[in-house]
Amino acid sequence: MNVRIIATRGCSHCHNLERELKDLAVVYEVLFVEDHPEIVQRYNIRHSPNLVVDEEVVFRRQPTEGELRALFNRN
9 MNVRIIATRG
19 CSHCHNLERE
29 LKDLAVVYEV
39 LFVEDHPEIV
49 QRYNIRHSPN
59 LVVDEEVVFR
69 RQPTEGELRA
79 LFNRN
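According to the working numbering, the stretch in the sequence shown is residues 9 to 83, in order.
Treat the hints as calculated values from the structure; they're not laboratory data.
Certain hints may be false.
[Claimed, not checked] Each pair of labels, with its calculated beta carbon distance range:
#	residue 1	residue 2	range
1	V38	E73	17 to 23 Å
2	E26	D62	17 to 23 Å
3	H21	D62	19 to 25 Å
4	E64	R17	19 to 25 Å
5	E42	N81	15 to 21 Å
6	N24	D62	20 to 26 Å
7	E46	T72	27 to 33 Å
8	V35	A78	16 to 22 Å
9	A78	E37	18 to 24 Å
10	V66	H44	27 to 33 Å
Ideal Cβ positions, reconstructed from N, Cα and C, are used throughout, including at glycine.
Produce the entire structure from the sequences given, and follow the hints as far as they go.
Written out as structure tokens, the structure is:
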């Protein structure tokens with residue numbers, strides 16, 4: 009499973025999303041739109057953060073802990 013957070017460097021929610029993914033033991037990478045402008049167009053990025061799983065945007069906002077648990081089937 010390929011998990012990516014796509015965010016701006018100033019995203020105030022990114023740190024929370026990273027913490028929640030770590031708590032769920034999900035391996036992920038962070039891509040900043042400032043460093044990867046091509047992903048803005050590729051994923052039609054308008055807001056930050058975005059969670060991409062296996063090349064599909066699954067959240068275009070900060071998901072709740074429950075939503076993340078359901079997505080990754082973790083209790």
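- Query: Tell me, which hint numbers fail for this structure?
  - Reply: 5 and 10
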